[in-house]
Amino acid sequence: MFKKWNPKSSNAIFGLLLIAPLLVWLLVTIGYPLFLCVKLSFLNVEFIGEKGVFVGLKNYINVVLDASLWHAFRKSLFWVIGNVALQTILGFFAALILNLKIRSVSFMRTWIVLPWILPTVVLAIMWRWMLSGTFGVINYLLEKLGVISQPINYLGSINEAMPALIFINSWRWFPFITVLLLAALQSVPQQEYEAAAVDGANSLQSFFYVTLPNLKPVMTVLGILGPLLTFNVFDVVWLLTQGGPSRATYTVPVLIYERGFKAFALSEAATISVIAFVFLAMFVVVYLLLTKMSVSEYARE
Amino acid sequence: MRKGFYVIVLSMVLMLVFAAFALAKTEVVLWHMEQPPHRVEQFQRTIDAFNKANPDISVRQVVLDWMEAYTKVMAAIAARQQPDLMFTIPDFTTAVKSSGAVQPVDDIFSYLGERYDFIDAAVEPYNYDGHLWAVPAYGMVHMLWYRKDIFKETGLDPATPPKSWEDLLNYAKKIAEAKNIYGIGVPASKHMYTDQAIYTFMITNKAEDLFDEEGNLIFNNPRTVETYAFYKKLYELSPPDASSWTWAEPQLAFNTGKMAVAIEKGQFLLPFEKESGVSGENLGCAIVPIPEDGQRGSIYYSNGIMVLTSDNKKHEAIKKFLDYLFNPEVNGEWLAGMEPGLFLPVTTNTLQSESFWSHPVISQYRSHVELMIEQSKYGKLFGFTKGRVNPNIGRISGQNILAQVVQKVCLEGVDPAKAVEWGQEEMLKALRK
Numbered sequence: 001m002f003k004k005w006n007p008k009s010s011n012a013i014f015g016l017l018l019i020a021p022l023l024v025w026l027l028v029t030i031g032y033p034l035f036l037c038v039k040l041s042f043l044n045v046e047f048i049g050e051k052g053v054f055v056g057l058k059n060y061i062n063v064v065l066d067a068s069l070w071h072a073f074r075k076s077l078f079w080v081i082g083n084v085a086l087q088t089i090l091g092f093f094a095a096l097i098l099n100l101k102i103r104s105v106s107f108m109r110t111w112i113v114l115p116w117i118l119p120t121v122v123l124a125i126m127w128r129w130m131l132s133g134t135f136g137v138i139n140y141l142l143e144k145l146g147v148i149s150q151p152i153n154y155l156g157s158i159n160e161a162m163p164a165l166i167f168i169n170s171w172r173w174f175p176f177i178t179v180l181l182l183a184a185l186q187s188v189p190q191q192e193y194e195a196a197a198v199d200g201a202n203s204l205q206s207f208f209y210v211t212l213p214n215l216k217p218v219m220t221v222l223g224i225l226g227p228l229l230t231f232n233v234f235d236v237v238w239l240l241t242q243g244g245p246s247r248a249t250y251t252v253p254v255l256i257y258e259r260g261f262k263a264f265a266l267s268e269a270a271t272i273s274v275i276a277f278v279f280l281a282m283f284v285v286v287y288l289l290l291t292k293m294s295v296s297e298y299a300r301e
Numbered sequence: 001m002r003k004g005f006y007v008i009v010l011s012m013v014l015m016l017v018f019a020a021f022a023l024a025k026t027e028v029v030l031w032h033m034e035q036p037p038h039r040v041e042q043f044q045r046t047i048d049a050f051n052k053a054n055p056d057i058s059v060r061q062v063v064l065d066w067m068e069a070y071t072k073v074m075a076a077i078a079a080r081q082q083p084d085l086m087f088t089i090p091d092f093t094t095a096v097k098s099s100g101a102v103q104p105v106d107d108i109f110s111y112l113g114e115r116y117d118f119i120d121a122a123v124e125p126y127n128y129d130g131h132l133w134a135v136p137a138y139g140m141v142h143m144l145w146y147r148k149d150i151f152k153e154t155g156l157d158p159a160t161p162p163k164s165w166e167d168l169l170n171y172a173k174k175i176a177e178a179k180n181i182y183g184i185g186v187p188a189s190k191h192m193y194t195d196q197a198i199y200t201f202m203i204t205n206k207a208e209d210l211f212d213e214e215g216n217l218i219f220n221n222p223r224t225v226e227t228y229a230f231y232k233k234l235y236e237l238s239p240p241d242a243s244s245w246t247w248a249e250p251q252l253a254f255n256t257g258k259m260a261v262a263i264e265k266g267q268f269l270l271p272f273e274k275e276s277g278v279s280g281e282n283l284g285c286a287i288v289p290i291p292e293d294g295q296r297g298s299i300y301y302s303n304g305i306m307v308l309t310s311d312n313k314k315h316e317a318i319k320k321f322l323d324y325l326f327n328p329e330v331n332g333e334w335l336a337g338m339e340p341g342l343f344l345p346v347t348t349n350t351l352q353s354e355s356f357w358s359h360p361v362i363s364q365y366r367s368h369v370e371l372m373i374e375q376s377k378y379g380k381l382f383g384f385t386k387g388r389v390n391p392n393i394g395r396i397s398g399q400n401i402l403a404q405v406v407q408k409v410c411l412e413g414v415d416p417a418k419a420v421e422w423g424q425e426e427m428l429k430a431l432r433k
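Chains A and B, in that order, are what the protein sequence lines are. Okay, so the first sequence: first residue is 1 according to UniProt numbering, each after it adds one. Okay, so the second sequence: first residue is 1 according to UniProt numbering, each after it adds one.
By construction, these hints were calculated from the structure, which means they are not laboratory data. Where hints are given, some of them may not hold.
[Claimed, not checked] Lysine-lysine pairs mimicking PhoX-like chemistry, simulated, CA-CA at most 20 Å apart:
| id | chain 1 | residue 1 | chain 2 | residue 2 |
| --- | --- | --- | --- | --- |
| 1 | A | K144 | B | K258 |
| 2 | B | K72 | A | K51 |
| 3 | B | K25 | B | K313 |
| 4 | B | K152 | B | K179 |
| 5 | B | K179 | B | K148 |
| 6 | A | K58 | B | K429 |
| 7 | B | K25 | B | K52 |
| 8 | B | K152 | B | K163 |
Quantities reported herein were computed from a predicted structural model and do not represent experimental measurements.
Chain B on its own, in the form it takes in the complex (with noise of 0.2 Å):
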């Protein structure tokens, strides 16, 4: 009787524990290093949609700061806690695939390619050793920005911005002259952001190769040093703390009037007409000036995502999961919704989406976003040129060194000949270790 008794606890017991694996949700964990409260908020959202739609999937998002994003993750890996998804672009991708966690998406990718189409230029630097390292997910490019207001005022005209590197340099010197602001505003600090000023007009300046196609270094070539002798020459136009500028400052310079052109992402929408108190139409966009037998191109790359897991269940509530947020419309708008003109789609369905081109600052800045979409065609990112990618390019960009050149020939007065030269040792330096 007793027996019995225990047999029948032990069964249902037993039944439970099978009924709560059954039931049991897969947990997604996301890190993404999308900061700023509304980016998180629209995540969220988007990961709410999802999660109701899917009772059987717990997508869960966290958020790092891109400066902590490499040293978390390789601990997390090595404690073998990392994330199942996590955000990423091309060169940190080269750096977190050595620890071997990086999964390929090639089934994933196949399986959305099949549903979305996606760019190529943004999948590109993605694949590599012959398979896919990342889903990309949305795309940036450097844009000229100017303030119609002050050319008017200046007496230059706002329907033609600068088209050649002259061109920048004139109207610079004249906006400063005539209204006693900065004519333009370039960084100069070891910061991604110069990094990726400088390229942008190497880029311009048909320097964007740092590799031959025998993967042999090339940086230091008289491109390169004529591109950092010119990019000197806007430096000593531009605000007195552009040494020292991370993301923040230059916005708020050009908003404020502080400064009249920039050369950066599609930020500035979303924050122009509250920060500069005038309307939205005195914001002008353009592509970046060209010199002299140069070629058009800003500096192009999209942000991916990773897949850290091998769990084959993980990786079904993943795809489900990508399925769902590449779906045109929650595409269109979870991208303007987080930074409205900053993400840039990746497929061409979304790029037709009436969600994104209906979000009130994409509408209201329609022409500036299809000029961004178009610039994006022309885009290259360093290191990942020529259809190689080297994978120690991680280590050049982790230490900022076209930056570092940049404050040798800015800040030091180095001969921009010798600082290349200088960069070129060091590049060596880091892809020998």
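Excised from the complex, chain A in its bound form (with noise of 0.2 Å):
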């Protein structure tokens, strides 16, 4: 998976000078936070600032046999299948529609990055504002086409939230993906679809044939890039719904949230925090395993 490398060659070494001053940044900015993490799990720390002393592993087997931990990860599974498929799904044909030659696409290019720019207090508001069972327009507009009967409570149903919150965090993120893939789109070769016309192809062929195998790279690195970002997301939820109601969106983030800062239990989060990279970081080994493309692969997409 991983190419060899030689670290005598002067190559290597110019390389290594070359991303010094990034890698110190990554380990000030991520590996020394990281260590304090890990070790923050094995104290008994309650309070920023505190000491705490060493318990050993008494925090994972806590953490592990608490239930609310293993609702976070069911809850976080179904966030990110979710999330990963309905932003595939909208930035698919977002992509492909910002494809065609068609009079004003430079106008909805330039638009659909809108809500991926908006400030996510602002989008929590507005949605919050817009979902509201007794003043919101979506219920209104829907209950004037006859759709429903009477106001639907989407953020405060335990039906409804996980539901509202995936469309919500999916309309903001699927701009990405569409920018990306269509990115993609634009570098399929022209000469691919001519040489599929001459043999006879017709567009459905032309998009499985030509456009699909294209796109597979960039969608592979979106299969691992979307799970990761996903999982970790944390404002949304907590803006629009802060876990609830009654658990129904209680991420693992939220959890880590929770347990730090309202439960006062650093250590047990910061537990939480190592047992999640941990299994982000098995997710990320399996999918590399599964897709069988190396690390530099990757990088290159």
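Now that you have both chains on their own, put them together as the hints suggest.
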């Protein structure tokens, strides 16, 4: 999976020198906090600033035996699958539309990124009011159109809250997928379409035998980035439901935040973070093995 | 010659440095969580007036969100960059106190206590472990708010608001049937508002003590179960999004006439006429209904001011600032100007101040404010009853366990007895940590 590296070659040394500032930066901003987090998980720190004493694996045992962790992992799994599926579908269709040679496409390409660049707190407030059961414009429109007979409590209902959050988060992130896929679509060699046409392929066959294979590398990279980014989303969930109602949207980041800053159990929060980190790292390794792509291939894509 | 010149220059530099130190202002950084712009502006007006009258002191406000207050202050304490003063509520104080940065305010309070008469109920939740940990600044109390115009239209007498739990339920049902609006709104969100609303009903049903005299958790008791069962009935008559309410939604639902009754604090006064489009005479205020064999009461708590600096010079400056802030006329103007009706005075001196009662909104709703002040005498706060303070109460309120039990009962349909049992377990878990 990894290419052989010869540390004695002058190119390698020069390369190392070039990436040294970035490595130092990553060590300071990611490596050190990660080390502190792991260290914290073996202590009994409750509040920020406390020194704590070593408690061995006690936090790990407590956390693993706590049903909340598994509940949060189940919710996170649902959250990740829902988001990745919806974002991919939306992003794919939007990219295909934006790749068409139609009028106003450049206008659409500019404006489609709007949800992505909106500050999270703005979109949270906006959706909160739009989905309100009492004042919400969405309920109003659906009632007027005769789709529903009474307002739906999107963010306050155990059954609807998670789908509503998935929809909002997907609405926010699909432009990112769209931009990546659009770039890939635009790099598909025109000759391949022409060759397919000469061979008598119709548009559907062109799509399946020319477009899709060319998109595969980007889609494969998105397959790893999407779940990782989605799993760690905290702001949208916290601002809209705080993990509720009745823990219906209680994902792992919400659990970590609540343990650390609401239940004042910082070491437990660090322990859950470490477990989540290991889980995500395992996902990456399995994914790399399954897709049989090397790290350098991912980097190139 | 050259040596003499250097001596003169050095002396002048030293003199300038000493003069700069002597003339340096003592800066007091104050963090508070009253974010609405009009509250921040009133804070600034009060601070500006103090700074002008005390040129040797400079008070500076920093505004935070309540949701980020804990993380920010604890991180600041760890980095030794904490503010000198910070606004707080009783359970938040217990949490921050664990950092060791909160300074006892006994000396400041005894100085202020000689000049101003503080209401005991406002001071009590900050008085434990042999010290006072914050100076109370203003109180807040839950009331029953109702729309007199909607009562009239429904055939209910606006002069006789619901007095018992049974009345409350019947009124709400009647309004819902007659007007096709929501007869009442009680929250079921995982939020502090829900904690407070359910606790208000727990007080009226004599289930206000979470701990007994020995400090044992006694949340799981028949009266608490009864309260949750009643609350569920009210929730069923509430607007559909009450399960995700924070502070803003119920106020808007009430003021726009989508619901007729709310249990909330006094922030309804200022926007009522503007948002409802009807005269202020239509805003009714009453004490929270009491069940049979119950007692009068509401959640009441004072917001306080913690001192987080041990610098003596700053302590003196803080003493001066608080002395200024509690001056009855300054205090009255400050409280009424921030949010008339929400922030109630904690000294009897301010209760007699002209500046408080002459505020246009306070004077318009004088009887409501007087009733709130009267009701605060019956106020209680969970974890701070029986003259005891559980130092871990912050873990229970931080996780909104009271509200989570509401969600179990109202949203999941769990039997109230089972839900309260679950709540007791969750509280025990939180306390064991």
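Hint check:
| no. | hint | result |
| --- | --- | --- |
| 1 | A:K144 to B:K258 | holds, 18 Å |
| 2 | B:K72 to A:K51 | holds, 18 Å |
| 3 | B:K25 to B:K313 | holds, 10 Å |
| 4 | B:K152 to B:K179 | holds, 11 Å |
| 5 | B:K179 to B:K148 | holds, 13 Å |
| 6 | A:K58 to B:K429 | holds, 15 Å |
| 7 | B:K25 to B:K52 | holds, 12 Å |
| 8 | B:K152 to B:K163 | holds, 17 Å |
Violated hints are absent here; each numbered hint is respected by the structure.
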